[in-house]
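One letter stands for each residue in the lines below.
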Amino acid sequence: MVKMDVNLGGLRMPTPVATASGTFGYGTEYVGLVDYAKLGAVTAKGIRLDPWPGNPMPRHAEVVGGLVNAIGLQGTGVEAFLSKTLPAYRTVSKVPLIANIWGGSVEEYAAVAARLGDRVEAIEMNVSCPNVKAGGHTFGQDPNVLFEVVAAVRKATARPLLVKLAPNVPSIVPYVKACEDAGADALSLINTIPAMVIDIERRVPVLANRTGGLSGRGVHPVAVKLVYDAHRATKLPILAMGGVYEAKDAIELLLAGATAVAVGTATFTDPGVVAAVHDGIVAYCERHGFASVSDLTGNLQG
Amino acid sequence: MRKNEQAKVILHEDCGPGYRLLVLDAPQVAADARPGQFVHVKVPALEASALRRPFSIFNAEDGRLEILYKAVGRGTFALNGVRPGETVEVLGPLGRGFPETCRGTPLLVGGGYGVAPLYFLARRLLQTPKLPNPQTPKLFLGGRTKTDLLALDRFAALGVEVFAATNDGSFGTKGFAVVPLDAELARLRAAGADFELFTCGPDGLLKAVSERAVSLGAPGWISVDRHMVCGVGACYACIQRTVTGNARCCVDGPVFKAEELAW
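Residue numbers (the working numbering), protein chains in the order written: chain A, 74 to 375; chain B, 63 to 325.
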């Protein structure tokens, strides 16, 4: 028996496999299609204080090796989340829920976190969404601003606090340090990579928002490198995501320094990926004689 | 109950220039399928990480699932090459479909391959125990030219009267499907008869049918076609604007009431 539960900065996960925010709705949409017994946490779609309509259509473009999206964080706001969405989730799942939050100001981030209180098992801050001009972009692109917003949310919540970082920075280290100094409990790596697709016949951007964020298979090596860099710079545990399509991808991220992994875009094509990743990690640990999945974290030989 | 089923290809054949009929052995998906719902297909010839492709259910009968489609892009061109005996992963049935009862005459309005869900609907409307004044459905079908009018033989076998229209006048009335539709609407209104509108096709047609339903005060059931990502309501990519805000075509639709839509 491989010990599969992990502790992600105070969040007790029964398995090291989570879902990534924005790819799993509010946790109820995949009931019956994804094996929830294999999940250690569900990360809900981004929540802000008030309802938000998101971007105009088209909101996505398929590319080789991935997906470019500019959904624009459509959502019903924190009150509807607490009164409707969250109770609906609790009726179908016992898996710990991570609420992903975002806002247009430091105060708004803190207010959402405070409003969630102890109703969710953990909070993940989106400080790196490249889609919403009024939203998170700048928070994740300046270590000082990042410190300020994380510190404010830290004061507003006693729950385990994760910060999801932008991959498009020269070095991840100052951002990791800012999160550490501001009192974050864990890091999430990586968010989507800014990207653009052009329709050459019409000579227009495919996305109504013009640009979006790349996710999927192609971003995986980028995620491995950033997790590796971050892990060498901090003791904070890391929830790693980015192009996890099979167990091998997840194990790479664990060896690079992650404590847990999240499956995202892959679920759109195959809802069975979560279970396959979970079972593949168990099989790998057995084959290599690891008693616990935690033994994989940062366990690079050379 | 939706299922993710490994379905064997029974038949895959041409049915017009660029049009294909795919018949799958998919007893679990077919069992619960309702007209206007769709299936999300993992195209085996594409790389494993490519997104699924959504298709209307053309028919579901005796454990078989029929999909009528046009090869228009990377996914459908790749699907073209799938052969009988091979396996296709099908997630479904998904979405909110058409009602299967109708007060008065069901007027089915299709454009091009948008005819696909209307055949399944016609079959079910003919089977369902009827509300007052049962009527056989009538189909108003438009296409660019004669070869874009699909499944006419299948509708004929059901006894559905077909009013065809082609842009080039090569078959039926010259013009759009709303030309014969407007003639029938005038006739039904003069007779004081009840009717409901059911439509699927290009946005221009959907808009025209919605306007008629709303202005005539008749129920209008509009099946909207959008590119999708997850197909289950999780990603918020397939948005349709409605009077109450942005709705998801995959779970709030693909069939909307005419008065719900904001174009």
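The set of hints was computed from the structure by calculation and includes no laboratory data.
Just so it is clear, CB atoms sit at the ideal spot from N, CA and C, and this is done for glycine as well.
Mixed in with the good hints, there may be bad ones.
Said to hold, decoys possible - Sample of chain A residues with no beta-carbon within 12 Å of chain B, all distances over it, derived:
#1 Thr101
#2 Lys118
#3 Arg132
#4 Glu135
#5 Asp215
#6 Ala229
#7 Arg276
#8 Arg290
#9 His361
Claimed, not checked - Label-pair ranges, simulated between beta-carbon atoms:
#10 B:Asp265 with A:Met74: 43 to 49 Å
#11 A:Lys308 with B:Thr306: 33 to 39 Å
#12 B:Arg136 with A:Asp215: 49 to 55 Å
#13 B:Thr149 with A:Arg283: 35 to 41 Å
#14 A:Lys167 with B:Ala245: 36 to 42 Å
#15 B:Asn229 with A:Ser244: 39 to 45 Å
#16 B:Asp265 with A:Ser166: 17 to 23 Å
#17 A:Thr164 with B:Glu162: 26 to 32 Å
#18 A:Val137 with B:Thr306: 54 to 60 Å
#19 A:Thr164 with B:Pro106: 20 to 26 Å
#20 A:Gly345 with B:Pro264: 50 to 56 Å
Inset, instruction - If any of the earlier hints don't hold here, list their numbers in rising order. - result: As far as the earlier hints go, 1, 2, 3, 4, 8, 10, 11, 12, 14, 15, 16, 18, 19, 20 are violated by this structure, in ascending order.
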